Amino acid sequence: MIRNLYILYGVIVLGTLGMAEYRGWSLDSVDEVKNVPRSVRDNPGSYRSVYGYYHHYTGGK
Amino acid sequence: MSTSGPNPPGPPQVRSLNCPGCGAVLTLRSLSQAVTVVCDHCHSILDAQDPRLTILQKFKAAVDEDPPLIPLGTRGKIRGTDYEAVGFQRRTIHVDGVPYSWHEYVLFNPYKGFRYLTEYNGHWNDTSILRSLPTLNNDVSPATVSYLGETYRHFQTAKAGTSFVLGEFPWQVRVGESSDLSDYVSPPRVISSERTGKEVTWSMGEYISGHDIWKTFGLQGEPPERIGVYENQPSPLSADTNAIWVAFGGFMLVLVVMMILFWSFARSEQVVEGNYAFNTNERGEASFVTDVFQLKGHTSDLELKTTADVNNNWIYLNYALINQDTSQAYDFGREVSYYSGYDEDGSWSEGSRADSVVIPSVPPGNYYLRVEPESDFGHGTISYSISASRDVPQASFLGIALLALLIPAGLITWRSMNFEHLRWAESDYGSTGSDDDDSEDAGRPMSLGNLSGKRDDS
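Residue numbers (my numbering), protein chains in the order written: chain H, 1 to 61; chain E, 1 to 458.
Misleading hints may appear alongside valid ones.
What the hints assert, rightly or not - Taking CB as the label site, the calculated pair distances span: (1) E:Gln270 with H:Leu8: 37 to 45 Å; (2) E:Val246 with H:Ser29: 33 to 41 Å; (3) H:Met1 with E:Pro99: 51 to 59 Å; (4) H:Tyr9 with E:Thr151: 51 to 59 Å; (5) E:Tyr276 with H:Met19: 33 to 41 Å; (6) E:Thr151 with H:Met19: 18 to 26 Å; (7) H:Met19 with E:Ala239: 29 to 37 Å.
Claimed, not checked - Each computed SDA-like pair below joins lysine to any residue, with the alpha-carbon atoms no more than 25 Å apart: (8) E:Lys296 with H:Arg3; (9) H:Lys34 with E:Val357; (10) E:Lys305 with H:Glu32; (11) E:Lys159 with E:Arg195; (12) E:Lys112 with E:Phe288; (13) E:Lys296 with H:Pro37; (14) E:Lys296 with H:Trp25; (15) H:Lys34 with E:Val271; (16) E:Lys305 with H:Arg23; (17) H:Lys34 with E:Val289; (18) E:Lys305 with H:Val36; (19) E:Lys60 with E:Trp171; (20) H:Lys34 with E:Gly365; (21) E:Lys159 with E:Gly176; (22) H:Lys34 with E:Gly176; (23) H:Lys34 with E:Ala286; (24) E:Lys296 with H:Leu8; (25) H:Lys34 with E:Pro373; (26) E:Lys296 with H:Ile7; (27) E:Lys296 with H:Met1; (28) E:Lys296 with H:Tyr22; (29) H:Lys34 with E:Gln324; (30) H:Lys34 with E:Phe288; (31) E:Lys296 with H:Val40; (32) E:Lys296 with H:Gly18; (33) H:Lys34 with E:Gln328; (34) H:Lys34 with E:Thr290; (35) H:Lys34 with E:Val292; (36) E:Lys296 with H:Ser29; (37) H:Lys34 with E:Lys112.
Hint data in this document are derived by calculation from the structure and do not stem from the laboratory. Predicted model, so just to flag it, every value in this text is computed and none were measured. Don't be surprised by glycine CBs; every beta carbon is placed ideally from N, CA and C.
Chain E with its partners taken away, still in its complex shape:
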């Protein structure tokens, strides 16, 4: 839809008539192109081609039973052309005895002829009659139609009846008439076939937003809020999903390159290595310090590994990595414990004889380790070894980065798939389980939002 175009609107051309049923004044906006016109006072459907306005049908309806959201006579610009709303009808299908209705607006331009707007639960379609026949393929399931190189999948087929009419129509409209409708979708477009007797009319609708309708027709207030997912409503995410996975693939490549670089250029320099023994039978000061060692390069991590010969025992090591020059210390404790045995379930074990800790962001300088072992008294001598390495790459961050990139891509894909699930749940191919999710569904007959009963008279 566009709000500008090359065809300036001419002055409204209308003809006033009197209803032969009640005498009310009728306004004929599409002039000689109207085939039927409806009196909104007595609800008589009149033959607009007959100078005497023969009454073709009278139907019962309450006053203002179903007022059009776009009042008849309102003008708006669609695809650069001014159109005037001249007709309005409500169509209904019944599913499991429950009626579902949608609205169709007949728009008229004296040079371009007729086009249509449909509305269901706040979802709008701009619809026009196809000038050539699409190619129907019933050999696949679901069936498809092809039109202008685009393939449309069958969505739903149902019998729809006209339940209310107002204004002018370029065909012999009747309340109560019914036809078979089939919709084929390729969002944001839908192709509909309507079979009445032996005659089939094909039309194409394109999804448009209610706000665009309100803007172009200058309507007051806000359009009705959209409910659920409509059959040809474009997914807000489908276009992004593929692009996001392409980006994810690119990020994975960068991640692999970064991993290679990190592992290639990391110093991984061992700065401490020593084997020690802790006699738990002796009381007294057990703490000691290592020789001073130098940490070179930029601020980086220090990985400290401890292994201990413990069996059904533990050793706890109070560590302090102390900068000899600044007297700043990194204080931490590590426990190494290992237990094993047998019971009615078989053998078991828990704990580990090895431990590793990464001290973050240690500036370069001269350091030594203060080590103070602890354990239960009287368990003999526990042998343990300590080693420390400088600037060691951490695989855990790669894993976190991988998850951080994967989770949003997965969520977006899931939302996109959920959108399509909601769309197709209301089709002839959807699961019946969706009926318990009324808050999310646009409604049962969502596929039947296109025109019916219209004839290509233009």
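Only chain H is shown next, with the shape it has when bound in the complex:
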């Protein structure tokens, strides 16, 4: 019983792995933004990233 459950579980794990590799899943997160102005191509300053201008760590030991 447990053996069969484990085999089923393993098949699901390997299937998910195959899907992750084929579809290019990632552990990194990015924001998807729709309808970016087409003017960005000619005027890069017309678009501002949501990540811009946050407080950066400037440390060191």
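Using the hints provided, position chain E relative to the given structure of chain H.
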């Protein structure tokens, strides 16, 4: 145990007698095969072979002191044969001054003779006398016995006394008599030797569930709940553990094949590569866009690597991967920073001059990157390079899959080993530290659940 079989039960054959001690009516169910019979009113042990029912012993016991869970006279089918419960005894050992008791039931069939059921803390064994002697091997530790090609490991040896009796017995039973018991286990079976004087009786028990007992004897209610792990209780996991590791090995093979396939067939196509410089002394718009590049094939990932010539400094890059056709963007930021120096502990460093990010599931199309660098003002020019590759296999998923397969197999193995640890903790070879875990242990004398005092008269 089976609930069906070829031997239909005949009508109950009983003989009524009167106790010479108190005059109470006695019922003799095993007829001439009973050697002793116990009066449950005055607790006299009588010689059932003697027509005058000579009193052999009287013992003190309270009324209903220890009522059998299987009432005497109850019939049930075991291994296809009907048996009737005719006798009941309680046996006790003392460990560190603490008494531990278990129960034994004498079952009788006029054609098959006697067999026995034992019960301790909700654990039951179906026991019968061995017809041939097992081979004892004392040269190994623990000692073993071999019987019908199966090896049984010694579990425990102790002196047990009979402390209460009811009904009929095919031997000269006495309250207070004692014998040396040794158990050898090979779950779900146990072989027991019982030495009384110079006589040794060997029996074999097989673990059965209380629910099977209740079902076959038609008993009301539920059997007593099992407590702890019994000496010959089959592990619910041991049979699965080896099979699970075999399956794990198979999965590892598949994982290796998948890894080879992923790495062989992945495009890993570089679509962007460029070297750039960011002058932190200049104010003004620093953002720029790359040339348009095409992402081919199916939806897949895009790995973007950044390296920067930073030393005790940082550069932050606001990235947007923009689909020129759909105006959909993947927006993210990456920091590259590296610090180093010396202090009283020696040299130190933290951070890295390289960074990598994987943008998931990017559909094919025409894309460009918008890049906007940031850093502290006045640190001169920071050189950095950007490269992006399409359809790159991710080793991290292989690691996750490996752990996902390994952890359950490890947990099941650990549980199986823990089950065996609990089993052997109560043996002569167990650690004494298990005594503080009463909730898990079946009890100290768990090895002594088999018959004693019985004789193979059938």
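- prompt: Between Lys296 of chain E and Tyr22 of chain H, does the CA-CA distance stay at or below 25 Å?
  reply: With Cα atoms ~14 Å apart, Lys296 of chain E and Tyr22 of chain H stay inside 25 Å; holds.
Distance restraint between Lys34 of chain H and Val289 of chain E, which requires alpha-carbon spacing of 25 Å or less: holds, 18 Å
message: Against the 25 Å threshold, does the CA-CA distance of Lys34 of chain H and Phe288 of chain E hold or violate the hint?
response: holds, 20 Å
- prompt: CA of Lys159 of chain E to CA of Gly176 of chain E, is that 25 Å or under?
  reply: holds, 12 Å
- prompt: If you draw a straight line from the CA of Lys296 of chain E to the CA of Leu8 of chain H, is it 25 Å or shorter?
  reply: violated, 34 Å
Range hint compliance [Cβ, Val246 of chain E to Ser29 of chain H, 33 to 41 Å]: holds, 38 Å
task: Would you check the hint for Lys159 of chain E and Arg195 of chain E, treating anything up to 25 Å between C-alpha atoms as holding?
output: holds, 9 Å
task: Could you grab the alpha-carbon distance between Lys296 of chain E and Gly18 of chain H and see if it respects the 25 Å cut-off?
output: Distance of about 20 Å is within 25 Å: holds.
- prompt: Between Lys34 of chain H and Ala286 of chain E, is the straight-line Cα distance small enough, at 25 Å or below?
  reply: holds, 23 Å
query: CA of Lys305 of chain E to CA of Val36 of chain H, is that 25 Å or under?
result: holds, 23 Å
message: Can you tell me whether the CB distance of Met19 of chain H to Ala239 of chain E sits inside 29 to 37 Å?
response: With Cβ atoms ~33 Å apart, the hint holds.
Agreement of Lys296 of chain E and Arg3 of chain H with the hint, judged by alpha carbon distance not exceeding 25 Å: Since the Cα atoms of Lys296 of chain E and Arg3 of chain H sit roughly 42 Å apart, the hinted pair is violated (cutoff 25 Å).
In summary, the numbered hints that this structure violates are 3, 4, 6, 8, 12, 22, 24, 26, 27, 37.
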